[in-house]
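Read top to bottom, the protein sequences are chains Z and V. In this text, residue positions in the first sequence follow this note's numbering: the first is 3, and each later residue adds one. In this text, residue positions in the second sequence follow this note's numbering: the first is 109, and each later residue adds one.
Mixed in with the good hints, there may be bad ones.
Unchecked claim - Chain V residues, not near chain Z, derived (Cβ > 12 Å throughout): (1) Pro177; (2) Asn213; (3) Gly253.
As the list claims (entries may be wrong) - Pair ranges (Cβ atoms, derived): (4) Gly240(V) x Glu102(Z): 40 to 48 Å; (5) Ala110(V) x Met14(Z): 37 to 45 Å; (6) Lys206(V) x Asp134(Z): 42 to 50 Å; (7) Gly235(V) x Tyr37(Z): 46 to 54 Å; (8) Tyr37(Z) x Pro264(V): 40 to 48 Å; (9) Glu19(Z) x Ala227(V): 46 to 54 Å; (10) Ala110(V) x Glu55(Z): 45 to 53 Å; (11) Ser75(Z) x Val165(V): 26 to 34 Å; (12) Gly240(V) x Met132(Z): 38 to 46 Å; (13) Glu55(Z) x Gly145(V): 19 to 27 Å.
To be verified - The calculated DSBU-like cross-link candidates involving lysine-lysine, where the alpha carbons are at most 30 Å apart (straight line), are: (14) Lys224(V) x Lys138(Z); (15) Lys224(V) x Lys234(V); (16) Lys166(V) x Lys8(Z); (17) Lys228(V) x Lys196(Z).
Simulated from the structure, these hints should not be mistaken for laboratory data. Glycine included, every Cβ here is placed at the ideal spot set by N, Cα and C.
Each chain, written out:
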Amino acid sequence: MGEEVKPTPMEMDLLKELGNIGAGNATAALSSMLYDRKLDMVVPEVAFMSLPESIDLIGGPEAPVAGIYIEVSGDVRGHMAFLLPIDCAQGLVEQLLGHEFVEFDEMSCSVLEEVGNVVITSYLNALSSMTDLMIKPSVPGLAIDMAGAIWASILVGAELTDDYITVIKSAFSSEGRQIAGHIMLVPGEGGFHKFFNILLGTGSR
Amino acid sequence: MAEKFVNMSELKVAKGEEVLVTVGLGSCVGVAIYDKGRGVGGLAHVFLSESKNETDVKQPGKFADTAIPALISAVTALGGRRSVLEAKIAGGANLFPKLANSTLNVGKQNVAAVKKHLAKHGIVLKGMAVEGNKGRKMTFYPKNGMVLVQSIGEKPEEI
Numbered sequence: 003m004g005e006e007v008k009p010t011p012m013e014m015d016l017l018k019e020l021g022n023i024g025a026g027n028a029t030a031a032l033s034s035m036l037y038d039r040k041l042d043m044v045v046p047e048v049a050f051m052s053l054p055e056s057i058d059l060i061g062g063p064e065a066p067v068a069g070i071y072i073e074v075s076g077d078v079r080g081h082m083a084f085l086l087p088i089d090c091a092q093g094l095v096e097q098l099l100g101h102e103f104v105e106f107d108e109m110s111c112s113v114l115e116e117v118g119n120v121v122i123t124s125y126l127n128a129l130s131s132m133t134d135l136m137i138k139p140s141v142p143g144l145a146i147d148m149a150g151a152i153w154a155s156i157l158v159g160a161e162l163t164d165d166y167i168t169v170i171k172s173a174f175s176s177e178g179r180q181i182a183g184h185i186m187l188v189p190g191e192g193g194f195h196k197f198f199n200i201l202l203g204t205g206s207r
Numbered sequence: 109m110a111e112k113f114v115n116m117s118e119l120k121v122a123k124g125e126e127v128l129v130t131v132g133l134g135s136c137v138g139v140a141i142y143d144k145g146r147g148v149g150g151l152a153h154v155f156l157s158e159s160k161n162e163t164d165v166k167q168p169g170k171f172a173d174t175a176i177p178a179l180i181s182a183v184t185a186l187g188g189r190r191s192v193l194e195a196k197i198a199g200g201a202n203l204f205p206k207l208a209n210s211t212l213n214v215g216k217q218n219v220a221a222v223k224k225h226l227a228k229h230g231i232v233l234k235g236m237a238v239e240g241n242k243g244r245k246m247t248f249y250p251k252n253g254m255v256l257v258q259s260i261g262e263k264p265e266e267i
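Bound conformation, chain V alone (with noise of 0.2 Å):
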């Protein structure tokens, strides 16, 4: 079985066996799309929540407001039917929540935005496992449609 690794701010399209992989979840959320009935899906590792004026966006996979369409338009390139689209979304912990400068609590506005985004584009929102405070690692089976996410010294659970 074939895997592939979206790295921080990429995002991957598989179909069939193949399975896409993200490791190091912290702020960052994973947003997976896919269509299971065909079997194919996307996974991106999304870093930032707006691309705020940043004009030219080299990686949509960056910022929630780029990845959801792009995502969408990947998924559906490769055979995936717009209207029944589902999503499934995991990270955006706070790996220093004794800080108390909560800069570094972008992980919940990262999980904010990339819900806003999923709604406005009407995509149905299957399962997550967001915030807290431990970093995590998805990998999607676009096949099912299935995800399972596994924070370090933890089993992986399926959302």
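The shape of chain Z in the complex, shown without the other chains (with noise of 0.2 Å):
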């Protein structure tokens, strides 16, 4: 496996532009389902660090969430995650749903997966649409956890296992706090090189 390069400044600089484009087009998306209610988009991070690190861009590995996980195909390789603290997402199943939480059934879990769906697939369709790349989506899965066992599953099942990685981390809220969440994309082989060639016109390193 190679060990990942971190990336040049101006690099840096277009993947946070992606992270924008994508998660301004997923936030969208999830206003639209929420009746049009408010988000406020955070501007994105974009980090080049160790894997424990990395766990605690999602506010650290104890804190429960839900996990949607998508992996992403095609031009080019990834792995996507929308995760939300758990309060937010029991509160966005009682407004999808229409009645009050209960517990993570069949019916709020398959809501939420459709949920992370919409918001992974609004992001990937931004990426798409600036690019010309064909980005499949996966179908979504689905944990309650732990972030930390969260995102450590992910990135070993997706073969993320170098010492550094490189993340996109979207992040919105709104008002009161009740909806938050990070939108997270990682690379899978051949890193982001692909969208700076396009972008960038740089030959490949």
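Using the supplied hints, reconstruct the complex from the two chains, each of which is provided in its own coordinate frame.
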């Protein structure tokens, strides 16, 4: 396995822009699912960091979250996760089902999978139309668990086992913090190089 | 009582009243090795089964094949007796059971590798809480070898 190479400052800026565009589309989609509720996007972060450090990006290893995972294939490979604090997940289920939350039963889990699906595919659609790359999402997988357990399972399942990874993190929240979430994108084999080649016109490194 | 946190891929030792804690074990496996008579032990948060061709392993706790010998030497260096060392393990879950493509089921492989390397080094496995579909938190008390394992929304269970 090749060691991940730290992106140049220009590449970092580009990734931030990808995060911006993807998450912009994703939050717009989520907002329309929630009857046009206003969602504020936080400026995306692009980080080149060690695997354990990346867990702190999502609020620490022990935080209970709902995590939706989608594998990306096609012209580029990658892994996307939509992680939201457990109380926000419950709030979303309540709003979308229109009754009080009881437990993470089959119905609420399928609602969350669908929300994750919409959020992540909207993000990917934006990247795809920006670059003309074919980007294919897998079916979503859902886990309600400790953030660290979910994140580490995704990384290792994705064979992202180098000591360092590049992550694009986007976040949003609404007034009163009732809805907040993280959208994470990590590249698979080949890294973000295809994006760099197309958008920066640079040769492969 | 001082708690030391063991992050992913790390390995730490403790003695006496100190407690070692690792959280967010999904497919990862927490491995505790201790000499309960002397009250010393170590805990590793293993991320993968084999270091394979990674020649320069910076964090031996990352892989099962490197973590176990490293734990043994760290615990004996702290006064543990090699011949009486025991182990308890937790983790190796599959958090996404519905995703049929089981690249995500690394948990099972991790558990198998940890067991294999414990056996290879002659360490008795005294307790475990492994596999299943839930993440785990592991709290290890080197003073008596007690290990508590907890999943979200559940009570801690002693193994």
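Against the structure, the hints come out as follows:
1. Every CB of chain Z lies more than 12 Å from the CB of proline 177(V), the least distance being 20 Å, so the non-interface label holds.
2. Not every C-beta of chain Z lies more than 12 Å from that of asparagine 213(V), the closest at about 8 Å, which undercuts listing it as non-interface.
3. For glycine 253(V), the shortest C-beta to C-beta distance to chain Z comes to about 24 Å, beyond the 12 Å cut-off, and the non-interface label holds.
4. At about 29 Å, the CB distance of glycine 240(V) to glutamate 102(Z) disagrees with the hint of 40 to 48 Å.
5. In this structure the hint that alanine 110(V) and methionine 14(Z) lie 37 to 45 Å apart at CB holds, the actual value being about 39 Å.
6. Checked against the hint of 42 to 50 Å, the pair lysine 206(V) and aspartate 134(Z) fails, with Cβ atoms roughly 32 Å apart.
7. A hinted range of 46 to 54 Å holds for the C-beta pair glycine 235(V) and tyrosine 37(Z), which are about 51 Å apart.
8. In this structure the hint that tyrosine 37(Z) and proline 264(V) lie 40 to 48 Å apart at CB holds, the actual value being about 41 Å.
9. Between glutamate 19(Z) and alanine 227(V), the C-beta spacing of about 52 Å keeps the proposed range 46 to 54 Å intact.
10. One distance hint, 45 to 53 Å for the beta-carbon pair alanine 110(V) and glutamate 55(Z), is violated here, with the actual separation near 23 Å.
11. Hint check: serine 75(Z) to valine 165(V), Cβ distance near 30 Å, so the stated range 26 to 34 Å holds.
12. One distance hint, 38 to 46 Å for the beta-carbon pair glycine 240(V) and methionine 132(Z), holds here, with the actual separation near 41 Å.
13. In this structure the hint that glutamate 55(Z) and glycine 145(V) lie 19 to 27 Å apart at CB is violated, the actual value being about 37 Å.
14. Proximity of lysine 224(V) to lysine 138(Z) is assessed by CA-CA distance (about 38 Å); at most 30 Å being required, the pair is judged violated.
15. Restraint check for lysine 224(V) and lysine 234(V): satisfied, since their Cα atoms lie roughly 14 Å apart, inside the 30 Å limit.
16. Restraint check for lysine 166(V) and lysine 8(Z): satisfied, since their Cα atoms lie roughly 18 Å apart, inside the 30 Å limit.
17. For the given pair, lysine 228(V) sits about 44 Å from lysine 196(Z) by alpha-carbon distance, which is inconsistent with the 30 Å threshold.
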